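Peer 1: Top line first, the protein sequences correspond to chains A and B.
Per this note's numbering, the first sequence runs over residues 1 to 391.
Per this note's numbering, the second sequence runs over residues 392 to 524.
Incorrect hints may have been included.
What the hints assert, rightly or not - Some chain A residues well away from chain B (every beta-carbon gap over 10 Å; in silico):
no.: 1; residue: 3
no.: 2; residue: 135
no.: 3; residue: 260
no.: 4; residue: 353
What the hints assert, rightly or not - Quick look at which bits of chain B chain A covers, simulated, 3 or more residues with Cβ under 8 Å:
no.: 5; region: 432-441
no.: 6; region: 452-461
no.: 7; region: 499-513
The hints are simulated quantities; they were obtained by calculation from the structure and are not laboratory data.
Keep in mind that this is a model prediction, so the values were computed, not measured.
C-beta: ideal position from N, C-alpha, C; glycine also.
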Amino acid sequence: MREPVYVLGLGLTPVGEHWGISLRELALQAMRAAMADAGGVRPQALYVANTLAPILSGQTHLGALLADFAGLHGIEAASTEAAGASGGLAIRQACLGLTSGAFETALVVGVEKITDRVGTGLDAALTAWSDADHEAVHGLTAASQAALVMRRYLYENNAPPDALAGFSLTAHQNAVGNPNAMFRKAISLQDYSRAGMVSDPVNLYDAAPLADGAAAILLGRSSVARQPDRPPVQILGSAAATSRLAIHDQPDPLVMPAAVASAERALRAAGVTREQIDLFELHDSFSIYAALALEAAGFAVRGLGWQMARNGTIALDGVLPLLTLGGSKARGEAAGATGVYQVAEVALQLQGRAGASQVPQARVGMAQCLGGAGATAATTILARVDGEPEA
Amino acid sequence: MEIARHWRLRAQRYALMGETCPHCDVKIFPPRDICPDCGQEARQPFAFSGRGEVYSFAPVKEAPAGFEENAPYTVALIRLEEGPMVTAQLTDLGEEPARIGLPVEMVTRKLRSDGDRGMLVYGYKFRPRMAAA
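Model the full structure from these sequences, guided by the hints.
Peer 2: Structure below.
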């Protein structure tokens, strides 16, 4: 039985347009908050999750930069990059490093500084997640790529134009109770149906807002002292997988094989079943990917993921709460940092620290982030320790 | 200017040159020398006909840097008649609205430009298939 990894501390900045705060300052805020939350534990390794700094900020080598800026002189540090899945991958790397025995504590910080670049240069940077030679060169954008998938999905499943509205509605409703969320107002089905198109059929409420943010999690092996004032939370298992990069190379563009494999392997590694999952922070960079992620993880049959968003199933008091603190749509999409936000949010839920957005009796939670249109998927499963997951 | 990078891909961009797998007969685009289906070596050149069908499409109103000249345009997933799928812009739509299932054929067009002094990149786009006169 492998030694478990514990969540020792969490630090999140609000997601938003932080004009006055630089990339390194934003990361530092989250890092210091996580270390303080852990009672002042100093990490022995640093994993940075980021995907756009090289393009938008002209800055690579983030491991060294942030270790330096945070005063963590000399520790091993490196950046992990897998587009929108960077956060989940960085957490996985940290877990692998901890369970190998190489160190006792590790800090994972996801950071993204989007707003230093505006306009067509930013749009071009986002196409780097797709296949540069065979997708981006044709003028494909992240939104139009999602639109290609969404249009086909609605067509094949005879679904109405507002089939995916429930993901957005749920996200906004849940963000009302999250002080770190970018958008904290509920929206109505009417708002959704009247929204302007970003790339038909993807409308304004189908597309998560990209903004600045930093989230940090301090992880440790059981030998390190834990906070006595809250229930211990463990990472039970994690898994990452890839699939063909270009959506035109997927055997079926409406199935995300990386998400399928990653979810399956993570559940197996964690030793839990789907029925035991009390909440799922899936990646709603676009509403269509939320529907596909539900199907890929086996919570919905192929083509019917959208129906789960319509009947209260995914609400805080539903059978499978999703986007409990707003998801990418309402908490905000921080690209490479999103995966760290997701895992931190699951941890907050399991620790009973989710305030007005608390999922009742949350014991086992799942987080999954996706790179691009799903070519990389990283899944993490966490559990509260004092009650063993019930069958 | 990424001259070499685009030059390397000219056979794919201008002539839809791909490969056929001598083991399982699968047609491969773009070439990748290892068959994605059976995993064996596949280096036999194969020229695609250029005929295909629209699998899905989406408008791009706010184009990324380098593509502003052509905006608004429509990107699509095209299922080539021989099997593989490609991403490409639709062009010469005229009065005909884009739709899933629209039969299309390949043409060579300018894909992007990098300002007044920058490189021009040409490649494949797809237009509604002309009926024989």
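Peer 1: Can you list which hints this structure breaks, lowest number first?
Peer 2: Numbers 2 and 5, in rising order.
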